[in-house]
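Peer 1: Chains as they are written, first to last, in UniProt numbering: chain U, 1 to 397; chain E, 1 to 397; chain D, 1 to 397; chain Z, 1 to 397.
Simulated from the structure, these hints should not be mistaken for laboratory data. Any given hint could be a false lead.
Pairs involving identical chains hold if they fit within one copy or between any two copies, as the list cannot separate such chains.
Said to hold, decoys possible - Heads up, simulated BS3-like pairs for lysine-lysine below, C-alpha to C-alpha not over 25 Å straight-line:
#	residue 1	residue 2
1	K45	K26
2	K190	K268
3	K113	K45
4	K379	K268
5	K88	K370
6	K45	K314
Quantities reported herein were computed from a predicted structural model and do not represent experimental measurements.
There are 4 protein chains.
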Amino acid sequence: MRKLAMLGGGFIGRFYTDSIQGYRNKDKVVSIYARREETATQFAKDYNVKHWTTDMEEAIAHPEVEVVCVALPNNLHEQAVLLCCKHKKAVICTKPLARNAAEAKRMLEAVEKAGIFAGYLEDLVYTPKHIKAHESVMNGALGRILWAKSRETHPGPHSNWFWDMEQAGGGCMLDLGCHCVEIARSYIGKDIRPVEVMCWADTQVKPIDAEDHGIALVKYENGAIGQFEVSWTFRGGMDLRDEVMGTEGTIWINSFLRTGFEMFTTGKGADYVAEKAESNTGWLFPVGDEMNELGYNHMFMDMFDAIEEGREAKETFYDGYVVNCILDACYKSAKTKQWEPVQLDIWRGKTGVTKDGHLVEYDADHYLVKEEMTHYGAKKLILKEKATGKFIERVEK
Amino acid sequence: MRKLAMLGGGFIGRFYTDSIQGYRNKDKVVSIYARREETATQFAKDYNVKHWTTDMEEAIAHPEVEVVCVALPNNLHEQAVLLCCKHKKAVICTKPLARNAAEAKRMLEAVEKAGIFAGYLEDLVYTPKHIKAHESVMNGALGRILWAKSRETHPGPHSNWFWDMEQAGGGCMLDLGCHCVEIARSYIGKDIRPVEVMCWADTQVKPIDAEDHGIALVKYENGAIGQFEVSWTFRGGMDLRDEVMGTEGTIWINSFLRTGFEMFTTGKGADYVAEKAESNTGWLFPVGDEMNELGYNHMFMDMFDAIEEGREAKETFYDGYVVNCILDACYKSAKTKQWEPVQLDIWRGKTGVTKDGHLVEYDADHYLVKEEMTHYGAKKLILKEKATGKFIERVEK
Amino acid sequence: MRKLAMLGGGFIGRFYTDSIQGYRNKDKVVSIYARREETATQFAKDYNVKHWTTDMEEAIAHPEVEVVCVALPNNLHEQAVLLCCKHKKAVICTKPLARNAAEAKRMLEAVEKAGIFAGYLEDLVYTPKHIKAHESVMNGALGRILWAKSRETHPGPHSNWFWDMEQAGGGCMLDLGCHCVEIARSYIGKDIRPVEVMCWADTQVKPIDAEDHGIALVKYENGAIGQFEVSWTFRGGMDLRDEVMGTEGTIWINSFLRTGFEMFTTGKGADYVAEKAESNTGWLFPVGDEMNELGYNHMFMDMFDAIEEGREAKETFYDGYVVNCILDACYKSAKTKQWEPVQLDIWRGKTGVTKDGHLVEYDADHYLVKEEMTHYGAKKLILKEKATGKFIERVEK
Amino acid sequence: MRKLAMLGGGFIGRFYTDSIQGYRNKDKVVSIYARREETATQFAKDYNVKHWTTDMEEAIAHPEVEVVCVALPNNLHEQAVLLCCKHKKAVICTKPLARNAAEAKRMLEAVEKAGIFAGYLEDLVYTPKHIKAHESVMNGALGRILWAKSRETHPGPHSNWFWDMEQAGGGCMLDLGCHCVEIARSYIGKDIRPVEVMCWADTQVKPIDAEDHGIALVKYENGAIGQFEVSWTFRGGMDLRDEVMGTEGTIWINSFLRTGFEMFTTGKGADYVAEKAESNTGWLFPVGDEMNELGYNHMFMDMFDAIEEGREAKETFYDGYVVNCILDACYKSAKTKQWEPVQLDIWRGKTGVTKDGHLVEYDADHYLVKEEMTHYGAKKLILKEKATGKFIERVEK
């Protein structure tokens, strides 16, 4: 059983606590910190939390607290983490880890110096679909991974601080792109170095300084491409999809709008309001169990099991740091309008990986271009002659 | 924290235990009974169970055991439940409750006389999708429910006892139809009396005495229709779908083959074997988290919470008994080739409900048949003249 | 090039003409008959038709007319067909052929006696998806067909005559069930005799005498089951789906609501009205090319090609007659509440077909019940001992 | 009725002819040219073509020929078009128009100088789904278009010349990207100038010099983004999808792998080979009517109708030229690793369009950031204070 302090009583703090205290779990939030007293007391009441405070350090230092969960606006993460270091409390921090790589690096170095457990709450690599898909990829079901793409678009976040550059540190790329970057990294291999990025970002619709739409390509040392598409201007609900392409297979995951639950309602029967949907009549696509489908349950299980087993979590501050480095390069590329290198002062994965080859040997004289079954049941080959470079067709019976 | 005896160490006993002991749960299996010693010892080892036995009563009577989970072939349910009565242990029993209504009735009367908690493990009304859909239906999002249909078809069960009439008590209708009947009941209203059934069943493919394919309609007192389609001969995996139709809306749920997870693999990359799938190459449709998606987690949560709160579970032996009564009528109808009444010696829901009316008043002189928006934006009405019975069209601008 | 008279200028007459005169076709409507002059003249203008009339026989007898297309309410089909016989004009008649089997039989005998071409306009066995699926079934891709199910449900027809028993002859079963019956017949084999039916029908919502919801099972001589589900009370648009189950495979076809075209609109941008949809905001599911997807194009191609090649169409009056015989039995069964034989005075298919066997030989001593791949890669068999009837498990490595 | 010469008797020439001579069409191929005699004679026999030749000019000059259809490898387009100019024959040319912009420009100028009809055979903006979606977009159902994305990926083309840089002029970007570019252009507006592009391309799998995978962003003068994703290394069949995002809505189109036709087959029943699929067992996703779904029918209808009505086709050589200009910029960007301007020597659309604004007025003091319905039914607003730039939340009841 883990006892937690929750820092932040807003949307995400509540979502986290629903997961942590949900089902038949052993874990419990014992202290809640919020900036406003009314938020703290309401939270304490709703979740049966013994201790509440508007003093962040008080919550962290609370003697019963073993683990601190940071669910605050981005600009407050560093401060919270440094206090955890001071009080030697295990810390788990919401995404993105920081507003930029410099901040993330300081946080990473601080927790390592303090020797505390530091987990990164990247829920979307803990969704049941991702876990199973990732396992298949690791088993080789898709062959060599060529392209891993992740997309999160919706009509914009719920709270006002997200829209403010100073507090948030960026727009939809920082808010949503951090998920997508880590999803792609996890399929391509977290030990493969991200080398450079190409990014477009724009403010197309919202009256804000930050970007409300962004697309980026992240090139890895082995030649694989990670891609993200994020937006705060999408209409139709929350679109959350991943696509992975390998030499031997493909994975398509839809985590929200098409998960096998479809409802039509005229709205005459009742004033039904669907969660995160943009309408409450017509065809609606609810998700059965958001907490589980969005990965919260399996994420906290990994965090608390890791603490109890004395091991690192699957997602650590180091991962959060790498994500921030990639996003920094994205923001730079969006301005310079060219590929920008990913600056990784700290790199703990493989080095010197080379691009995978694309010459598939067919026989001594030919490379294999393609093999297909024709309509009349014969096998048709397209081969490249090594000597001449010519492409020939051959039909085998 | 609940301490359980698990009766049965086969496929379903293991699935149950995975759910009960999974995630960060507080509950624990402390005794395992299996008919064969090797099954019991293997189970005890795999799930870290302290006590094992091949004597059913020993497991039930074990002093640490608070709750007994019956995960045995159908013909052993009654015996197990009677032993729980004798030892005054809470009991939760897998589906179907019994092989027929007579057996179910004896079990129901026994647990009520003994005054023990008796939960019915009908997982499919606990799936996250069902829970959310059911809530919408209760809120009126679909208006009056007209038709609730459930379908479970797959290529047949894993264990040999299912195929044997004596042990199983029936074929796919008893095995799968019990789910479907309760799903439909839950949408239509568990307090609405099932009145009569019409059923077709046949042995089309398998060398067995029981039916391997069955379809039935269950008529409820308010005129609503429950329908099930079950088969052990379906090719393509496990098809698990529900469809609900109301006067104001529609719900479609797909719990297995199309849940937003799609994978193609040539099979060259790895020897991947997908769960319950019929192939390991080509397009595959895995489910992310079967335990959660199939309702096991929420079902056991309800059971244990109910025990702790001193209330009944959402699904009780009474529900299991009603399901058996409906299935008995189905088997009879399949033989007599006519509608057969559902014989319910015990009925605890509403009585004297009448069929809902179908005359929608438009104005003093007309009933409303249909209202639609035409392509050119006008509202078109079809009305029935009360006096003459004639149908007229009227266009409003 | 064919020259046609179109009888009926309503919704379906216009749809037919759109298809006949559409694309780069050679065929042309040269005469239009409608009961009301304004309908006839408007039609003539819209489709550039030279001759119009409110006298049915005049259109049929028109010297330029080679083919007569009957697109009239059900109660006028027989009269129209008899006039075609009198004037020896080829006739193609919309579905259902007649209001009942007696009427259909008279029409069938009349056209055969007159020796004229008589095609039955059952468009849904001409949809591109059906044509391709049917070909796969005929090639054996699904093995032996066990169950063919078709469903058509929507919020009710556009014109008032459909709702009137006298003109229509029935409700949604006659209107929509005729499609479903022929779809199932075509998968099971049009030469296999439909033997008996079991049907439920009710008026659940609409203020009409006819049924607005019906479900039926049609048993064929070889043991296969055809099923239909039809309703005029469905909410959410037009649901048009088929499902075929065979010993070696499965086919699922969705012809309307989920065809790979999805649109969300807030409705703020424009007053968009989607065809046949029930709403014009939120998620909408249009069909790209209704004329082609619903089979009209391929149906008329077959009709006119057949006339030019001097052969029968794929769908003839005989097929329409068989459908009416099956529907008659459905209506009867809905009243008597038992299986009713299909009375077929004229049967031109196979006779004496017996039910397919279900004993699959494994070896001299066993039948094969099931073969599956286990998670650990071994092949698991369930066998039935011929001598004892016992079911055993066997694992092969 | 149009009489055609078909230049090229390969895969695409046959596909075109199937469409042109299909259904009940009036048009006819009267002369076939192929480079190899056996191809020409076989084609002439299969399609009942009176005249065949291995001399390109002979086919074009044939007195009966009114329209010449160019279905040749890319490197032969210019030569064929110049011969059409010489003989003043209407010409319709397969995609891409040319191997690069310079070639395309010469062809465009030649046909305009010759005064002949010149249609560009970009079938994918003629698919029924595209036509209907495009109509909705033009009607404003999606508001202002922000992002139009198109994706075509499959396991590589059938014929050997595609793989050869000299004949093809490029890899999958030229082969498939040309479709995607025109689809995006058509949603964003063909009169809106494409300004600059950012592109990644690589040869990841195939032993070829050309790219087998490419992704590009095309920025338009109004700030909208066109995107394409193309690959010859995708596994799982032919993936053909478009996604359009506007301020008021979303469109998702799937033209191949998920169109409402799903089939599972064990393969035991028959040696079924599905078209373009990568497997012939397991779950397969056929398309009902490729000719119609891929736009061929509506494309040729537009071409021939245009010729008869003396107007331009919807897709002209000018469109093909713009596409080549965009693709040239893509190839350049893939090398220079930065955004590259689209060089359009000829531009016939709007000029001086400015980026659409993103400041949505709420009231005199605020911009509107977001409006959403909360779970408890209230309307929540996020506003930006014009004076301070601060973001505030406001709940309306």
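Peer 1: Give a verdict on every hint.
Peer 2: Hints versus structure:
Within a single copy, K45 and K26 get their C-alpha atoms as close as 19 Å, and across copies as close as 24 Å, so both meet the 25 Å cut-off. For the identical chains of this complex, K190 and K268 are inter-copy neighbours only, at 24 Å across copies versus 51 Å inside a copy, given an alpha-carbon limit of 25 Å. With identical chains, the CA atoms of K113 and K45 are never at most 25 Å apart, being 37 Å at best within one copy and 41 Å at best between copies. In the homo-oligomer, the alpha carbons of K379 and K268 lie at most 25 Å apart only across protomers (17 Å), although the nearest pairing inside one protomer, at 58 Å, exceeds that limit.
When the C-alpha separation of K88 and K370 is checked against a cutoff of 25 Å, the pair qualifies neither within a copy, at 59 Å, nor between copies, at 40 Å. Taking the closest pair of Cα atoms, K45 and K314 never come within 25 Å of each other, the shortest separation being 33 Å inside a single copy and 27 Å across copies.
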